[in-house]
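Undergrad: Residue numbers (the working numbering), protein chains in the order written: chain A, 1004 to 1432; chain B, 5 to 315; chain C, 6 to 288.
Hints are computed from structural coordinates only; laboratory data are not their basis. Certain hints may be false.
[Claimed, not checked] Chain A is faced by these chain B residues, among others (derived, beta-carbon under 10 Å):
| no. | residue |
| --- | --- |
| 1 | Thr-80 |
| 2 | Arg-147 |
| 3 | Tyr-150 |
| 4 | Tyr-170 |
| 5 | Ala-175 |
| 6 | Tyr-212 |
| 7 | Gln-239 |
| 8 | Val-265 |
| 9 | His-266 |
| 10 | Phe-278 |
| 11 | Lys-281 |
| 12 | Ser-283 |
| 13 | Lys-284 |
| 14 | Met-285 |
| 15 | Phe-287 |
[Said to hold, decoys possible] Derived DSBU-like pairs: lysine-lysine, alpha-carbon spacing no greater than 30 Å straight-line:
| no. | chain 1 | residue 1 | chain 2 | residue 2 |
| --- | --- | --- | --- | --- |
| 16 | A | Lys-1248 | A | Lys-1271 |
| 17 | A | Lys-1332 | C | Lys-232 |
| 18 | A | Lys-1060 | C | Lys-232 |
| 19 | A | Lys-1081 | C | Lys-232 |
| 20 | A | Lys-1036 | C | Lys-232 |
| 21 | B | Lys-312 | C | Lys-115 |
| 22 | A | Lys-1348 | C | Lys-232 |
Positions of the beta carbon are idealized from the N, C-alpha and C atoms, including for glycine.
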Amino acid sequence: MNMRKGIVGIVAILMVASLTVACSGKTKADNGKVTINFWHLDSNDLHYPEWEKIAAKFMEAHPNVDIKITVLENEAYKSKLATVMQSGNPPDIFRSWGGGVMNSYAESGLLKDITNEYKNKWDSKIGEGAVGVYSYKGKIYGLPYTMGGVGIWYNKDLLAKVGYTNPPETWKDFLDCVKKLKAAGITPIALGEGDKWPGHFWWVYLAVRLGGKEAFNKATIGNGSFNDETFVKAGELLQELIALKPFQEGFLAATYGGDQAALMGNGKAAMELMGQWAPAVEIGSSEDKKGLGDKLGFMSFPAVEGGKGKLTDLMGGGDGLVIGKNAPKEAVEFLKYITSVENEKFLTTGPLGIVPTAIGAETALTDPNLVAINKAVSAAAYFQLYYDQYLPPATGEVVKDATQGLFAGTMGPKEVAAAVDASYQAEKK
Amino acid sequence: MDVTTLAVTAKKGSSDHKAKATNRERALFYALLLPAFLLVTMFIIYPVVNTVFYSFYDWNGFGPLKNFVGLKNLRTLLRDPLFWNALRNNGIVIGFSIFVQLPIAFLLAILVSKSSSRPTIFFRTVFFLPYILSEIITGVIWRFIYHPQFGLLQQVFAKLAPDYSYTGFLADPKTVFIAILFVVFWKYFGFHMILYVAGLQGIPPEYYEAALIDGANPVQAFVYVTLPFMKNAIQMSLFFCIIGSLQVFDIIWSMGQGGPVHAAETAVVYLYKFGIKSSKMGFGSMVAIVIFVICLAFNVLYQRVINKEER
Amino acid sequence: MSARTTNARKAVSLSEGTKYAVLIFFALIILVPIYLAVIGGFKSIGQLNSDPVGFPKPFLAENYSNIFFKSGFFKYFLNSAIIMSVTVAIDVIVAALAGFALSRFTIKTKNLVYQYFLLGLLFPMTLAILPLYIQLRALGLLDTFIGVILPQTAFLLPFHILIFKGFIKEIPDELEDAVKIDGCGKMGFFMHVVVPLSRPAIATVSVLAMVASWNNFFLPLIVLNDKDKFTLPMGSMDFVGQYLADWNIILAFFVVSMVPAIAFYLYAQRHIVSGLAAGAVKG
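Taking the hints into account, I'd like the entire structure generated from these sequences.
TA: Right under this line is the structure:
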């Protein structure tokens, strides 16, 4: 009996305490300060303190500002952001990859136009191609602080074992290299196709090499479509690669972080097609937390014989911040602060290891691979943001699904092109 | 005494013989129900009603509701082979659950319901354990077991059948659904087993004694004594089994998001992918309503069957 | 006669053997994965990758202790605990009152009301998430614990009302008549007879509510912004996002998250059968 009373007592106290905490859950900013809600997704132990430091420095310089940071890991961030945007109440400054997803926010009036501030009152200058990713119908809604590209990361030792001291530069060469690696018992390519987006990189790049900017523009804003030859042929070439069975066992359910990057970082696969964050993630996913170090090389995606695209054409993306429609002007100031040369250098040399966009900040880059990427970004006449971000969200999902079908052998090149086209026609307005 | 006359439906307590309620009682009745009514209305019914509205729009979910399209979402939905693929998968889940999961749960219930000895309590506790785990944890544990490079199964195959190259059940569209069905079984059979244990423990032993005296063999005892008393438990188990199978999402999502290539995609997974993740809230709402209507239709059928039985 | 009983006895001991074999087989199916997860947390990532089944060598207790001290585990734990206790309390009280009303009153609209509540079973939370979010925002409940507790409780009510209704219906009318003679009204009957007798149902509903709240990932994700308010499942997803390929640490984190739910279950489990028996099965 006494134990029961004791339990009842404890429960009662807990309830009262909980209700008090529960009801006081809302924090108010009634103290005259301006609050900035800042959302990002660098949830890693090593990464999120960097943002806290920048926020702290800004708050020191602007004592009337209070920056509240919400940080979530990648998938949770996307889910939560989707819900928040759908309710019409965007954060003040938040991470976005630009492109079609951002465009739909802008179209619905959820973002603040900062064209004027950027053109006239900004401290730093950012490359046009990069800024373009964060523009919609001529208006700028945010800026990237890092912009990079996707290319082939390769294990120099493993490639040397089969006679490649320099990486293959054409598609035919590349397929030969894959065959030799497979014959030597080395997994040629690591691929986390369970996540689907790593696989779609291959299809996009083949289309970029085959048809270049022209073909893409023709399909999206011209009188062509995704059924055009470029996109069908991209599927055919990819099928050639898939037929060689170059990926690790079970790649269809593998994840990028847990499997693809880990295989590379542990030296168990020769190559991966990935963006500028690849070295950092390989290190994080490897067993010894050191990754490949300077054994890791980077090369552009191979040239395709007869392709109309230029070798300088680059597919990739970066990370940037956009401004919500209700944001106070201090949020724009904060963005200016982050994209300043000084702060981009800070982010470059820290654990985030970004490839900076502010012109002048790239002098802080030490990794030769990243320097190469930075140069490639500036040199690219045609910079293609990954399709799953560039195209409308529904079409992005279809591209990922359809290309996974190619990898699984359940869809052919024509079907993939048709599926993407059907979705794009339905979504473009 | 004929054994069959002993087959009775479970007794129900009833206050139907009492006098009609007074006004004061009526007020008390509604007062007692008010908190539940408010919560359910505000947080379930109201969102459902809103969902109906959204389904008539081609809306991406951002900003104000716009783009009325009438029943276009429904037409698109019914024409999409992937939707029928999802429904077919739901059907497979239901079939698997009714013909594999529930019978096994029933069998195990029989084995653990007789006594309250330490061993039986131990087994009962263990069997219900997976139900307590979250779907995320379950997904992580099983993804780890199925992992092609360093999972348990890979090791087992390597030792027992070194010639077989194990590529991961979750990675092969032909095996992924069965692999996930096994996990669904693993997680939920304990719940149904407990329902059956509860039912079995409610059967008065006199009926079995009477049956034995009448010379019934075990099969007859099962059919004429056990089953009739188990009717309620079985009905409840079937109800939750079918509704749960129609709504299954978390476990499938955490084990590959319905893939690869839609092989394990069910209705709610389809909704999440093509509605929420594709920023097509209007379409997603229509899918939700269709799923809801299917559940509702099942519920109506179920109530009718039960009520017919009771007459 | 005696031959028959001897044969019967033989048959019984044979079947005892097979009975235990079957039980042990299924128990292993459940326990082996959990065992692997638990010991996985004690291994180094190298050993985990090469030898998932064997015993940890070296035995790394620090994976587990690191979780407690480094990852903000206690904060997430406390948040989950607070949300869970209030949910359970509200759920039990509201469901018991409603179950009592639906089982011991004779009002014509009783069945209609009951069917209304059952509608809630047909619509999972995932489908309702966007309108629910908008609703919570309109009520000013975003980023609060109450904003998680109330909808969570709402979705649990239909099943739990069903359990209480079935259970309370079983209480003999004579008991109600008896206390009436002593001058107790309906509520007196409720407080002095129904509640004490409903221990199994209360235990069952508490365990079910506790488990549902503890494991709920989606709703807190949508409602809560402030990292300090995150619940344990959100913390674990964060964890997975950080420690992508460090399965050993991930497993350790998840195992630790399971412990409170399992502990509570083990404490209350003897009531679950009787609670469900009277509540769900007979009802």
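Undergrad: Give a verdict on every hint.
TA: To see whether the hints hold, each was checked on the structure:
no. : hint                         : result
1   : Thr-80                       : holds, 9 Å
2   : Arg-147                      : holds, 8 Å
3   : Tyr-150                      : holds, 8 Å
4   : Tyr-170                      : holds, 8 Å
5   : Ala-175                      : holds, 4 Å
6   : Tyr-212                      : violated, 37 Å
7   : Gln-239                      : violated, 34 Å
8   : Val-265                      : holds, 5 Å
9   : His-266                      : holds, 7 Å
10  : Phe-278                      : holds, 7 Å
11  : Lys-281                      : holds, 6 Å
12  : Ser-283                      : holds, 4 Å
13  : Lys-284                      : holds, 6 Å
14  : Met-285                      : holds, 6 Å
15  : Phe-287                      : holds, 9 Å
16  : Lys-1248(A) with Lys-1271(A) : holds, 16 Å
17  : Lys-1332(A) with Lys-232(C)  : holds, 25 Å
18  : Lys-1060(A) with Lys-232(C)  : holds, 21 Å
19  : Lys-1081(A) with Lys-232(C)  : holds, 16 Å
20  : Lys-1036(A) with Lys-232(C)  : holds, 21 Å
21  : Lys-312(B) with Lys-115(C)   : holds, 20 Å
22  : Lys-1348(A) with Lys-232(C)  : holds, 27 Å
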